[in-house]
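**Q** Chain Y is fixed; fit chain U onto it per the hints.
Line order of the protein sequences matches chains Y and U.
Letter by letter, the first sequence follows residues 2 to 250 of my numbering.
Letter by letter, the second sequence follows residues 5 to 159 of my numbering.
Treat the hints with caution; some may be incorrect.
Below, a list of computed lysine-lysine pairs in the DSSO-like style, where the Cα atoms sit at most 30 angstroms apart [unchecked claim]:
id, chain 1, residue 1, chain 2, residue 2
1, Y, Lys179, U, Lys132
2, U, Lys48, Y, Lys40
3, Y, Lys79, Y, Lys153
Since the hints were derived computationally from the structure, they do not count as laboratory data.
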Amino acid sequence: VVGGGHLGKQWYQRRVGKQWYQRRVRGVYGTGAESLYTKNEFESGEDKLILAISSDRGLCGGVHSGLGKAIKAAHAEKPITKTIIVGDKAKAILQRTMGDTFLATFNNVGKKPASFTDAINVAEEVLSHEADTVDIVYNKFINVVSYDSTTKPIPGVASIEANDAIYNYDEVDSEVLKCYQEFTLANIVYHSIREQECSEQSARMNAMENATRNAGEMIDKLTLAYNRTRQAVITRELIEIISGANALE
Amino acid sequence: MAFRTIAVRTAALCRRAMATEAGSTFPLTFSSPTSALFNEAAVKQVDIPSTTGHFGILPNHVPTIAILLPGVVSITTEAGDIQKFFVSSGTATIHADSTVQILAEEICDVADIDGNAVRAALEASKSKLASASSEADKAAAQIEVDVYEGMVAVA
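Chain Y with its partners taken away, still in its complex shape (with noise of 0.2 angstroms):
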């Protein structure tokens, strides 16, 4: 049942309430993987790698339409030169203006909830390609009804050792920054496609409650419409058989 809205209200909390659970123990995840990024400032790099997070599966309200505005507007104001694409919604929305910066594009996205191993496929597709930066675009979840498109930078390993701040931690050289940055980049992305999911889940179940809505109520006016037709058929016969035999009388 891809809405279940008409399920009732506790179905609903039931499921996004499963989603919630296991969303608080993703963000445990995910806020502590970029933990080195948000305390300390690195500053981003030129060369820019968008990262666009969405799926294959539609009927999600404006969740990958507004994921391809922001990236086109993201486009028009500096432009954009590497993507990479999760999702063929995304892949649509882009392909006609962006169509020659894709690097590399993922399918079969959106059915299963993701794997932390589509996680690692997607982080070294991305790690294969010389970048600055790493922008990942995707839906973050605010709450059931709400949420929003976010970039996420992730500096590169050569931004993150020109950068001072990164000697105040011991132990720093080449060899362990960059299996560092891996790991870590394959973290945030995973947090990032669940996220996603999330939001479209709940988008999903937002825009299916009110195409039930509204179904239901034209369903309501018309079959009103056709009673009152119905019985001004029926009361127009009983006055012209009513007339007719009054006129033979």
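**A** Just chain U now, kept in the frame of chain Y:
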């Protein structure tokens, strides 16, 4: 810029000197993609197996970044009891404000490790390593052997 580096290093040294008079706990976040075991929970000490050696973290530890090896993470909680978990790999970050994030790919409680199952798996992975042909296969098999050896040591 050199002046800034010197100032930064001096501040780090001051922090090291102050380690002994620190507060007795620090916030630890210890989680994997599927489970969050500690979320900024106050703990007294954490021992982690890293590529630069097995070391313990106390409050006000020098900021560090470390990569974890397959091994046991041992956490001394505020109440004083010690919890041990086996991790397959991951990263550990210790920040200047004493918060610690340990993110592991897979975590399991040491008590849940079945000695016989792990020993059998270790034998299987050793033979896989012996018969591996390409560099990638060899590396993957070596990782398996390392993880199982870590588990056997704990089981």
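**Q** Run every hint past the structure and note whether it holds.
**A** Status of each hint after checking the structure:
| no. | hint | in the structure |
| --- | --- | --- |
| 1 | Y:Lys179 x U:Lys132 | 28 angstroms, holds |
| 2 | U:Lys48 x Y:Lys40 | 22 angstroms, holds |
| 3 | Y:Lys79 x Y:Lys153 | 17 angstroms, holds |
Every hint, counting from the list given before, is met by this structure.
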